[in-house]
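Enquirer: Here's the letter readout for the chains.
Number of protein chains: 2
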Amino acid sequence: MDTPTKVILDEREMPRQWYNILADLPHGLRPPLHPATGKPINAADLAAIFPENLIEQEVSQQRWIDIPEPVLEALWLYRPSPLVRARRLEQALGTPAKIYYKNEGVSPAGSHKPNTALPQAYYNKVFGTRRLTTETGAGQWGCALAFACQQFGLECKVYMVRISFDQKPFRKLMMQTWGASCVPSPSMDTRTGREILAKAPDTPGSLGIAISEAVEDAVQTPQTKYALGSVLNHVMLHQTVIGLEAQKQMAKISAYPDVVVACAGGGSNFCGIALPYVRDKIHGKAVQIIAVEPTACPTMTRAPFVYDFGDTAKTTPLLPMHSLGHGFMPAPVHAGGLRYHGMAPIVSQLLIDKLIEARAYPQLKCYAAAMLWCRTEGFIPAPETSHAIAVAIDEAQRAKEEGKEKTILLCWSGHGLMDLKGYEAYMSGKLTDYDLPQEDIDRALAELRDYPKP
Amino acid sequence: MDTPTKVILDEREMPRQWYNILADLPHGLRPPLHPATGKPINAADLAAIFPENLIEQEVSQQRWIDIPEPVLEALWLYRPSPLVRARRLEQALGTPAKIYYKNEGVSPAGSHKPNTALPQAYYNKVFGTRRLTTETGAGQWGCALAFACQQFGLECKVYMVRISFDQKPFRKLMMQTWGASCVPSPSMDTRTGREILAKAPDTPGSLGIAISEAVEDAVQTPQTKYALGSVLNHVMLHQTVIGLEAQKQMAKISAYPDVVVACAGGGSNFCGIALPYVRDKIHGKAVQIIAVEPTACPTMTRAPFVYDFGDTAKTTPLLPMHSLGHGFMPAPVHAGGLRYHGMAPIVSQLLIDKLIEARAYPQLKCYAAAMLWCRTEGFIPAPETSHAIAVAIDEAQRAKEEGKEKTILLCWSGHGLMDLKGYEAYMSGKLTDYDLPQEDIDRALAELRDYPKP
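For the protein sequence lines, the chains are Y and Z, in the order given.
Taking our numbering, the leading residue of the first sequence gets 1, the next gets one more, and so forth.
Taking our numbering, the leading residue of the second sequence gets 455, the next gets one more, and so forth.
Note that these hints are calculated values from the structure, not bench results.
As the structure is a prediction and not an experimental result, all values here were calculated from the model.
One should not assume that every hint holds.
As the list claims (entries may be wrong) - The following residues of chain Y were derived to be distant from chain Z, with all beta-carbon distances above 12 Å:
#, residue
1, Gly28
2, Pro40
3, Ala43
4, Gln62
5, Trp64
6, Leu93
7, Lys172
8, Val183
9, Asn233
10, Val287
What the hints assert, rightly or not - Within a straight-line C-alpha distance of at most 20 Å, the following computed EDC-like cross-link-like pairs (lysine to aspartate or glutamate) qualify:
#, chain 1, residue 1, chain 2, residue 2
11, Z, Lys819, Z, Glu544
12, Y, Lys252, Z, Asp464
13, Y, Lys6, Z, Glu523
14, Z, Lys702, Y, Asp10
15, Z, Lys702, Y, Glu11
16, Z, Lys735, Z, Asp807
17, Y, Lys252, Z, Glu467
18, Z, Lys706, Y, Glu13
19, Y, Lys6, Z, Asp620
20, Z, Lys768, Z, Asp904
21, Y, Lys6, Z, Glu467
22, Y, Lys248, Z, Glu465
23, Y, Lys248, Z, Asp464
24, Z, Lys460, Y, Glu11
25, Z, Lys875, Z, Asp620
26, Z, Lys460, Y, Glu73
27, Z, Lys460, Y, Glu69
28, Z, Lys702, Z, Glu465
29, Z, Lys460, Y, Asp166
30, Y, Lys421, Z, Asp620
31, Z, Lys579, Z, Asp520
32, Y, Lys252, Z, Glu465
33, Y, Lys285, Y, Glu357
34, Y, Lys281, Y, Asp24
35, Z, Lys907, Z, Asp896
36, Z, Lys460, Y, Asp10
37, Y, Lys6, Z, Asp478
38, Z, Lys875, Y, Asp166
39, Z, Lys706, Y, Asp10
40, Z, Lys739, Z, Asp478
Ideal Cβ placement from N, Cα and C applies to all residues, glycine included.
The shape of chain Y in the complex, shown without the other chains (with noise of 0.2 Å):
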């Protein structure tokens, strides 16, 4: 054994301060919009809904923030997390590439999202808020701010898309279990879910759909936030942690990727192990740095570069970001964490200035390469995770047919514990891919016509 299989940090080893990617990309972010005067918002504008300390990070243009030490003791429960060398995949592949995975499947939610929600309950404790909402989509996001809600005092609201809350109940009992309430959106605890309800009581719904009714009910009851598990630039910021651990990681085995892969909904997992080589790449480095999002979502790849409004219901402000319409509905893909019409700011400026690439895969393919991991390297994906396994297998077989010896660093998102009713219909073959067609999305973005273009 050249290196070991595992490289664990000492939690003494972890990283102090976030890093803040807008301190360094070549051509700035564009603002977000007022969607009625097409202005810059100001942080008056979102008052109503987070809290001015996040706010704050939300603009910030510092390159390091430091992570509070109460965040820090409370991701301490569950990071460092491990780095590992998928060993047992390459050698079923042949591949002469190594293929290294963060594993971010080890917080009690199971995902990466704990690494924000963490400090958004801390700083929304702070500011003195007293209760959350929030939505979720497969439901690791609303596990993850549950959990962190639970660890600094706050309530918690959580409304999950309901093809998600049906295919993964014991997700609403996860969120139960630390002390959250979880109802399926649309609901009828909104006025936006009771009009939509009225309209297609058989909805499936839709993270922007469930983003309208978390955002209505936060502004509507007093002393409540909401919270975002994505998109937003601090939610990127807090994820950081994740690239900054591998690079320390990777620097004590003296390896440095020449792919990064993750998979991108949002973009929050993406950022997390992606942003720090950006840094490095910025600063000249060669790196391969690859978001994967489903086919029956493809944002970054079909979609064009606009001013869209996050959530269906056009109460959010103005984003400049990939989207295919704020009223695209997704296919039933069962990578509920990949189902959103936008993508974060950050990531659709990272693809702009060519910094990044993108990919889209479809979920046959994906659930495949899921198998074939857990049959090697045991644990099960979630299948957001699946996306960045299927990319990383691809680049570890065109490193077989080059004869390089490439090395691959893939965020592993999730587990797959909660999400196995994907697995069964994979397994029994009643799984399909969906077609697009273009029809579909310029319906969509028809509706964003007569609003600002970026």
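Position chain Z against the provided structure of chain Y, taking the given hints into account.
Expert: Chain Z alone, transformed into the frame defined by chain Y:
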């Protein structure tokens, strides 16, 4: 912060040998007997269901046994496991006690069970076995063996106790993901199963019945052996990596436990953490070692030390153990892994030798402890594990009353992500405790009247 929250071992620091308590037991172990002759069984009697190399290990008196390199490499997929200080639980209790837990929930299967599944699959592979059969209660063991068989290229068939099969549907999917087949027990696939179903079609099943089915299958199918997840000496041997790691980890922070606690169904996670400490105790070290079981299945606290069968259909040798009788049908508590009528001969002997002590806890108290754990330490424990947590909390509270700085070490045997229906029942107030009248025990034991006494 005086010491770190987590103590992590590098994989190169992992123990390279298992510890065999048989070399140190002050009064040895009574031998298993052949039920027909009443004489000690010999290796040939076991050869129908176990491979020779494991039979040798079962009776070995060698104190330290090398872990084969391929087993070590497979264990590295998830080991060494973290030793974590439960600071938030300590704070919630306001106790001066230090509570450490050894997190065995980090394995792909979610519990300590792969620690023996991997070597058992390996030794069978080396011996020439092509297929393994087994039983499983809560599903932890079935998942572990499915995962291990996949790693070493064996087929796997799991008979899962029907009540758990129904309560934990996703366990079956995990086993299938790792390529195993899983049926509810009693099943129509064996003569034993068919006979029981004919008499009691609605039976919830039991570990004893499932063992009978798996043994029958192994005996009657070519190149098929049987694997047991607990009770036997070689299983306890393989699990000692837990305690050996814990000793190294605690030594790193100059700590030593005053109390070691683990739950005991068949005895495997208990022996895993406890045996290396029992060795210390034999050598004069002061350490209190506690095994905890459910009041619904009080093998250690209310059952006599007898010779009994390991299974319901009386196909195994007679084992010297604390037993409620092989016909005992425990109440349907959620801790399926603790619903076994007997107890490992090693654990039984240690009780007689007064090297360890036993307690029985009702399930409502254990769920209350589990909820407190979830809301402080975050990770959701398996119902079995909650028993160890409940004892640790009681010991920490006693330390508070006595004003003592006690150090408590508990084996966190597995996570409860596949066991959330129990939490649902608890949170909705539908869970009950079970009374176990002495007559039920007496009735089950009456059947043993004509068998030898130890």
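Enquirer: If you test the structure against every hint from before, which numbers come out violated?
Expert: 7, 19, 29, 37
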